[in-house]
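There are 2 protein chains.
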Amino acid sequence: MKSSQTSKKEELKATLKEIGKKVYSDLDQKKFPEVAFPSRSVRNIVYDNKLKQYILGQNTVTRSAGNIKHIRPFTQLFWLAYFANKLVSESKTSTLRDVFYSSQAFDVDFVDQPESDEIITDLEAVISRPREDFNIYPEERSAIFGDVTIEYTVPGYEGKTLNLSSHPDGYLIGPSLSTAEFRDTSAEMIIAIEKGGLFTRFVEEKVHSRYKSIIIDTAGQAPRSTRYMLRRLNRELKLPVYILTDGDVYGEHIAMVIISGSVGAAHLRELTVSDAKWIGVWGSDIIKYKLPTIPMTEIDIKRIYELKKDPRYKGGIWQKELDVFLKLKRKSELEAFSKFGLTTITDKYLPEKLQEAKSL
Amino acid sequence: MKSSQTSKKEELKATLKEIGKKVYSDLDQKKFPEVAFPSRSVRNIVYDNKLKQYILGQNTVTRSAGNIKHIRPFTQLFWLAYFANKLVSESKTSTLRDVFYSSQAFDVDFVDQPESDEIITDLEAVISRPREDFNIYPEERSAIFGDVTIEYTVPGYEGKTLNLSSHPDGYLIGPSLSTAEFRDTSAEMIIAIEKGGLFTRFVEEKVHSRYKSIIIDTAGQAPRSTRYMLRRLNRELKLPVYILTDGDVYGEHIAMVIISGSVGAAHLRELTVSDAKWIGVWGSDIIKYKLPTIPMTEIDIKRIYELKKDPRYKGGIWQKELDVFLKLKRKSELEAFSKFGLTTITDKYLPEKLQEAKSL
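So the protein sequences, as listed, match chains A and B.
Just so we're aligned, residue 16 is where the first sequence starts under our numbering, counting upward by one.
Just so we're aligned, residue 16 is where the second sequence starts under our numbering, counting upward by one.
No wet-lab data here; the hints were simulated from the structure.
Accuracy of the hints is not assured; some may be wrong.
No farther apart than 20 angstroms at their CA atoms in a straight line, the calculated lysine to aspartate or glutamate pairs in the DMTMM-like style are these [said to hold, decoys possible]:
hint, chain 1, residue 1, chain 2, residue 2
1, A, K101, A, D132
2, A, K354, B, E105
3, A, K305, B, D124
4, B, K354, A, E105
5, B, K23, B, E105
6, A, K354, B, E154
7, B, K305, A, D124
8, A, K305, B, D122
9, A, K107, B, E220
10, A, K107, B, D362
11, A, K354, B, D122
12, B, K354, A, D124
13, B, K175, A, D124
14, B, K344, A, D127
15, B, K305, A, D127
16, A, K354, B, D124
17, A, K101, B, D162
18, B, K305, A, D122
19, A, K344, B, D127
20, B, K175, A, D162
21, B, K221, A, E105
22, A, K175, B, D162
23, B, K107, A, E105
24, A, K354, B, E220
25, B, K101, B, D132
26, B, K354, A, E220
27, A, K354, B, D132
Using the sequences and the hints, build the whole thing.
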C-alpha cells in the first residue's frame, strides 16, 4: 500500500513538472514563458473570518521571461523549482541558508539570503505548499514525547517503526519525523508547551500517561515543522491540541500563531491548527492562582496595543486576556507555579485548565 | 551491579549530607556555623597551562552565620543544598529559572534570578560538581545521533536500553540521556557540529556509518549538558572528539569552550574535553577551499583582538587562525560548501580534515 507521505511526494513532483511543462508549451507556441501566482503584497493579505487566518486575496502577479525586469526572479524561481525537485527526488533536505549557497553551484545569482528566501516563499505561493514539502526545513528543532508509533518513509528507515515514548528527553522533530506515518497511539490529546524545562517536568510527572497525551516542546515560538507536525497529529489522529505558554503577550501570540498562522504565511493553509486551544497561562490565571509576576516593559505594553487591533485577536478569550494583561501591567511564567511546589503545574493547574477548556 | 551513575548520585548525596553535618557540629560546639569554598572573584581565576583551562586559585571565601552580612547568602546556600538533595532523592529535574521560583515555596528570598543563579554557582564551587549533578539542567537542548546503546537510570526507564541510531532526526540530550550508562558502540569518533541543518545532512549522508562516528548537534554554543555528554563519551568510550563550526571567530570560540571551558566555570573540571580537536572551518580553509564569504563586522574584529590576548588561545592553530581571520576580515559558514554541491562537506571536506587532524 502506498503511504500518504509517498503519494504526497509524488503529487509534489507532478506539480513541479506541470510548471516546467508550461514553460515548454509557452515556448512551443512562440510565447515568452510566464508564471502567475497569488500576490503576497500587503494589500492582498486579508483576514478570513471563517478560516480564522490571514489568506491572500484575488490579486495575482505574473512573471514573464519577456519582461527584462522579470528575467532575474523568473530564472531564480525556475532554478529553485529544479532544485526542489532534485532535493525531493534524491531525498535530501536543506535549509534556507543552505539554498542560498547551493544556488552558487549553479551560477544562479542571489545578492543575499533575503533574496533567496523571497524566491522560496514565491515557490510556496506558486504551488500552495509549504517549503517543508520540498525538503527545505528550519534550522531550529523542537521535540516530541508520547505514546505514538510512527513509521518512517525516509531512505534507510522505510518501514521501520518507533514508539515516541522510548526516550524520555524527547525526539527532535526534523525531516524524518515530519514525513513519517502515524501508525498507532493511545493518546487522547496533544499538549504543546513553550519551554524545554517544563517539557521535561511533564515527562517526569507522567503527564503522557496520566492525561493520555502526546507532549510537544515548542521551544518558544514553534518552528514551522513543529506547527506542521501539530496539524498532522490533530488531523490524522483526530486529537485535540492544547497549548500552554508563559503568561504574557508573547506567550499568547505563540498560541495564536499555532492556531491561526502568521501574516507571512498567508499563502499557505497547512501550518495552522484552527481548533487548537490556548489553555494558559492567561492573564486571569495570574490573578486566580496568585502567581508571582514581574512588571511589563514599555515594549510589552506596545505589543499588547498592536495585537488588540489584529483581526486574529477579535473577541473570545484573545481580546479578553489582552485586556487583563493590559490592566495588570505585569506578566508571569510557567515556572512561576513552582512557587507552590514543583508539581503544582501538573497536579493542579493542568487538570483544572483541561477541564475548563471543554467549555472554550 | 551498581551503575557508575547510581554511585555518582549516592556520592553527591553523601557530599551534601557532609555539608549539613558540618553545620550541626559547629552548633554542637557552640560555634556559628560556617562554610568555606574557593573564591570565584576575577582575581582568583587563573589559567592553568597544564590543564589548559581556567581554574580557581588558592583564595577561599568563608560564609558565617555569625556575620550579619553573610546570613542571607548563607541561608540561601543551605536552602539550595536542601533543595538539591530533594531533587536528586526524588529524581526530579529543574532549571535555573525554576529554582528561582521554587525558593518562594520555602519563603527563601531571592531578589531576582541572577541572585539565585549566583547561589547555584556557589554550591557548584562548594561541592566541585556541576549543577547538572544535582539535577539543575539548562533550558536549551541539543541532539545526538549514532550507533551507541545506552541504558537509562531514570525512574520508570531503569535498565531499558535504546540505540541512538533509531531516530534519524536525533535524540535530545536531556536529563535522561545525561545520566544513562553507555553500554555498547561501534563508533570510533565523535563529530560535534554547530548547526541543526548540517547535523541532518550528516545523518542523511551516513557520516555515522561511513566514518564510524557519533554525531552531535551543538546548536550553536554547546549547552552545558552537551559539553558534559561530550566529555563522558570521550572518557568513558575513549573516543576522540572532532568539532566543526562556522568559519568565524564565534565558531572558533564554540570549539574552544568545548575543549577548555569558560571563565565562568573555572570552579569546575567536568565540562571540558581537553583533547578534543577543532577541525574547521578554519580561516585558512576559507582560502584553501575558496569558500564564499561575507565581510566581518567591527564587532567581529574587536572579538578577535580580545581572544588574541586570551591565554586559552596562546599558540597552535588557535592563534594562527585568529590571525588568518584578522587578515581576511571576512568570514564563512559551514553551509558555504554547498556552493560546490550539497555533499561536498561530507564527501571531500570532512575526510580531508579528519586526515589532517591526525597531525594536530
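Results of checking the hints against the structure:
no. : hint            : in the structure
1   : A:K101 - A:D132 : holds, 18 angstroms
2   : A:K354 - B:E105 : holds, 18 angstroms
3   : A:K305 - B:D124 : holds, 17 angstroms
4   : B:K354 - A:E105 : holds, 18 angstroms
5   : B:K23 - B:E105  : holds, 15 angstroms
6   : A:K354 - B:E154 : holds, 18 angstroms
7   : B:K305 - A:D124 : holds, 17 angstroms
8   : A:K305 - B:D122 : holds, 15 angstroms
9   : A:K107 - B:E220 : holds, 9 angstroms
10  : A:K107 - B:D362 : holds, 15 angstroms
11  : A:K354 - B:D122 : holds, 9 angstroms
12  : B:K354 - A:D124 : holds, 12 angstroms
13  : B:K175 - A:D124 : violated, 52 angstroms
14  : B:K344 - A:D127 : holds, 18 angstroms
15  : B:K305 - A:D127 : holds, 18 angstroms
16  : A:K354 - B:D124 : holds, 12 angstroms
17  : A:K101 - B:D162 : violated, 29 angstroms
18  : B:K305 - A:D122 : holds, 15 angstroms
19  : A:K344 - B:D127 : holds, 18 angstroms
20  : B:K175 - A:D162 : holds, 16 angstroms
21  : B:K221 - A:E105 : holds, 14 angstroms
22  : A:K175 - B:D162 : holds, 16 angstroms
23  : B:K107 - A:E105 : violated, 44 angstroms
24  : A:K354 - B:E220 : violated, 47 angstroms
25  : B:K101 - B:D132 : holds, 18 angstroms
26  : B:K354 - A:E220 : violated, 47 angstroms
27  : A:K354 - B:D132 : holds, 16 angstroms
The structure does not agree with the numbered hints 13, 17, 23, 24, 26 stated previously, though it agrees with the rest.
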